[in-house]
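Taken in sequence, the protein lines are chains A and B. First residue of the first sequence: 10, per the working numbering; consecutive thereafter. First residue of the second sequence: 535, per the working numbering; consecutive thereafter.
Please note: incorrect hints may appear among the correct ones.
[As the list claims (entries may be wrong)] Computed list of lysine-lysine pairs in DSS-like fashion (alpha-carbon distance at most 27 Å, straight line):
#  : chain 1 : residue 1 : chain 2 : residue 2
1  : B       : K917      : B       : K631
2  : B       : K808      : A       : K136
3  : A       : K118      : B       : K631
4  : A       : K140      : B       : K820
5  : A       : K16       : A       : K29
6  : B       : K917      : B       : K762
7  : B       : K784      : B       : K917
8  : A       : K118      : A       : K136
9  : B       : K625      : B       : K917
10 : B       : K771      : B       : K917
11 : A       : K29       : A       : K240
12 : B       : K784      : B       : K762
13 : B       : K784      : B       : K771
14 : A       : K140      : B       : K771
15 : B       : K820      : A       : K118
If you're looking for bench data, these hints aren't it; they were derived computationally from the structure.
Single-letter residue listing:
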Amino acid sequence: MALLEVKDIHTYYGAIHALKGISIHVDEGEIVTLIGANGAGKSTTLNTICGILHPGEGTITLDGQPIHELPAHEIVMRGVSQAPEGRRVFGRLTVIENLEMGAYARSDKAGIARDMERVFALFPRLKERAKQVAGTLSGGEQQMLSIGRALMANPRLLLLDEPSMGLSPILVEAIFDTIRQINSQGTTVLLVEQNALMALSIASRGYVLQTGEIVLHDTAAALQENEMVRKAYLGIE
Amino acid sequence: MEQGRATMLAPACSRLLAKFRLKPARNLECRSWASAAQAGLAHSKTWPRYKDVYKGRIMLQRLTRRVSGTTVSMWLIGLVILAVVAYGTYKTLALGKYSLANWTDLIIYGVAQGSVYALIALGYTLVYGILRMINFAHSEVFMSGPFIGYFVATSLDQAGFLDRQPVIGLAIVLLVAMLTSLTIAVLLERIAYRPLRRAPRLVPLITAIGASFFLQYTFRGLFGSGIKGYPEIEQLKGTWPLAGGVNILKTQVVVIVAAVIMLAGLYYFVQRTKTGKAMQAVSEDKDIAALMGIDVDHIIVVTFAVGGALAGAAGVLYVLLFRQVHFFMGFIPGIKAFTAAVLGGIGNVVGAMLGGLVLGIAESLFPNLVLDGLGIPAPYQLKDALAFILLVLILIFRPTGILGERLAAKKA
Ligand SMILES: Nc1ncnc2c1ncn2[C@@H]1O[C@H](COP(=O)(O)OP(=O)(O)OP(=O)(O)O)[C@@H](O)[C@H]1O
Ligand SMILES: [Mg+2]
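All chains should be modelled from the sequences, with the hints used to inform the complete structure.
What follows is the structure, given as structure tokens:
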């Protein structure tokens with residue numbers, strides 16, 4: 010059974026029909042990527058999975074349990090967390106406090122301390138900045154904090170929304186390395202990216218989203234060779 | 535040929551433009567608007583070459599854009615007010631009518647009053663921080679606590695308990711008042727505000743005003759419109775001597791000490807506890823807070839509960855100072871506490887505390903310090919006007935309040 014199974018979901022913003030029947034699945038241990046142009050519905054998909062939005066139709070199951078009617082704060086407790094688009098760290102809280110917020114739903118002190126160490130090992134920079142107010146971090150540091158914060162929930166499934174946005178090429182490499190590392194430590198990853206090249210290079214499978222619909226689904230290797238993907242998303246003729 | 539000239543001219547033009555753009559603008563910023571306008575006009579008159587006329591016009595344009603007529607008159611009004619305040623203060627001090635002990639008295643009174651404002655102001659600021667809404671019914675949340683507390687206090691008094699065990703008696707009244715206000719605040723949120731969470735911002739605001747009237751007239755209907763005198767606690771009558779021949783009212787000491795303890799407790803709660811940090815997170819970004827596993831609705835209820843309990847406590851302290859309750863008693867302290875919250879920077883917890891103290895002290899000193907010197911008869915009558923003058927002035931000159939930058943900065 011797939012860890013996450015999204016079946017034919019439709020999500021609306023008022024009258025706007027943003028997702029028109031999306032179906033994806035993510036197996037335990039995978040990195041799956043969701044690529045697509047601006048406004049395709051990638052963030053909407055992630056937000057529907059983690060309960061910020063609710064689908065008008067369709068189902069979402071985690072380990073076979075339906076989660077699409079749960080409020081967001083209960084979905085985290087089931088083991089799904091997200092590093093949202095645009096980082097959205099708590100600017101007035103310190104780095105440590107942001108990480109503590111990530112573990113808000115947990116009460117196992119030892120586990121939280123262990124995960125804090127794990128985050129600091131992944132992002133040593135955050136340890137140096139532990140007492141700094143997050144609003145004064147650089148964009149890259151905020152991205153690290155956003156990912157670290159999501160990891161503090163000790164998720165089984167980590168949703169990442171454009172983690173490379175606005176970062177320098179070197180930092181993009183580093184972030185993708187870290188994502189791979191997080192995955193090899195046992196966390197399943199669903200990755201939304203504009204940077205399709207990088208995303209496909211670390212993913213096992215990918216979905217291509219266009220105006221609220223899945224238009225392609227294949228292994229990452231096949232997508233990298235796909236004519237349409239190469240033209241539209243990789244910028245290769 | 536044509537193109538060649540254009541490309542040759544381009545750098546020169548842009549250099550010229552850059553010069554116009556930067557230089558006058560920089561000069562203007564550090565000069566006063568009047569002298570800069572003069573300079574601009576004089577410049578364009580004495581140097582009627584095209585370039586300079588152009589320059590003058592640009593300067594004027596930038597000037598009018600930066601300082602509109604309203605801004606100028608606002609600053610003039612501000613200046614006049616400052617001058618009047620300074621003059622009144624100078625006159626009063628020169629007359630030497632009041633001794634140092636008098637001033638100390640006034641300041642202590644101001645601190646006592648101000649700490650009550652601070653406690654109420656926190657309710658406004660906490661709710662604003664989380665819902666971006668002014669809970670205008672908060673003044674009735676404040677009123678309800680000591681009002682219900684009154685019945686407990688009188689029955690305790692009649693049983694003689696208040697005189698035998700003043701500390702426990704007062705604690706019971708305080709507890710009842712805090713619980714009452716807390717309950718009213720939480721019910722308000724649940725019944726009046728939560729259904730309107732996604733409505734346009736004006737809607738909950740109007741609802742709040744409606745709820746305020748509803749509560750006032752419910753209390754009037756249930757308990758009558760008369761003023762009810764609180765029983766006095768024997769042990770809190772009179773004064774304690776302070777250094778330098780100043781005597782301080784015992785009630786004021788109790789009020790200040792209790793308020794400081796609660797303010798410190800609230801600060802600790804918001805800054806250090808898990809729930810307090812969750813409140814900060816919710817106030818910054820509700821969706822992301824929910825992603826962290828924070829039950830946003832629960833945090834909103836906690837916020838109303840905390841603000842309500844503080845208002846109830848403030849009500850008891852207020853009653854210690856003034857010894858009476860009335861269905862309309864919340865209005866003036868409520869609006870003053872709101873002023874205090876705006877003064878400190880609404881949404882900012884420390885700002886609300888600071889704003890309350892500043893307003894309390896200013897209000898207490900203002901009649902004697904400023905109005906007396908100006909020769910205004912019965913200066914105390916104008917005391918209440920100060921808060922509102924101050925509110926208008928803050929809204930004009932510093933809408934963000936004393937500590938407001940932090941709120942504005944977080945958006946960046
Ligand atoms: N809050 C909203 N209200 C109304 N429409 C919205 C809202 N958020 C998104 N949309 C619309 O839904 C569609 C999908 O948006 P979404 O943010 O999911 O795109 P995306 O694939 O994440 O794009 P990007 O790569 O730019 O982040 C867009 O057409 C967008 O305009
Ligand atoms: Mg997006």
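Exercise for the section: Given the hint that A/K118 pairs with B/K631, test it: the Cα-Cα distance must not exceed 27 Å. Expected result: violated, 64 Å
Exercise for the section: Mind checking the alpha carbons of B/K625 and B/K917 for me, to see if they're no more than 27 Å apart? Expected result: holds, 19 Å
Problem - Restraint status (C-alpha distance of A/K29 to A/K240 at most 27 Å) - result: It holds: about 24 Å lies between the C-alpha atoms, which stays within 27 Å.
Handout entry: 27 Å Cα cutoff - pair A/K16, A/K29
Key = Status holds; Cα separation ~11 Å.
Problem - Hint consistency between A/K140 and B/K771 [alpha-carbon to alpha-carbon, up to 27 Å] - result: violated, 49 Å
Problem - Hinted pair B/K784 and B/K917, Cα distance within 27 Å - result: holds, 24 Å
Exercise for the section: Sort out whether B/K917 lies within 27 Å of B/K771, counting only the CA atoms. Expected result: It holds: about 26 Å lies between the C-alpha atoms, which stays within 27 Å.
Exercise for the section: Given the hint that B/K784 pairs with B/K762, test it: the Cα-Cα distance must not exceed 27 Å. Expected result: Judged against 27 Å, a Cα distance of about 22 Å means the pair holds.
Handout entry: Pair hint B/K784 and B/K771, alpha-carbon separation not exceeding 27 Å
Key = holds, 7 Å
Handout entry: Straight-line alpha-carbon gap B/K917 to B/K631, limit 27 Å
Key = Answer holds: B/K917 to B/K631 is near 19 Å, not above 27 Å.
Problem - Given hint B/K762 paired with B/K917 - CA-CA distance at most 27 Å - result: holds, 24 Å
Handout entry: 27 Å limit on alpha-carbon distance, applied to hinted pair B/K808 and A/K136
Key = OK: B/K808 and A/K136 at ~21 Å, within 27 Å.
When each numbered hint is compared with the structure, violations occur for hints 3 and 14.
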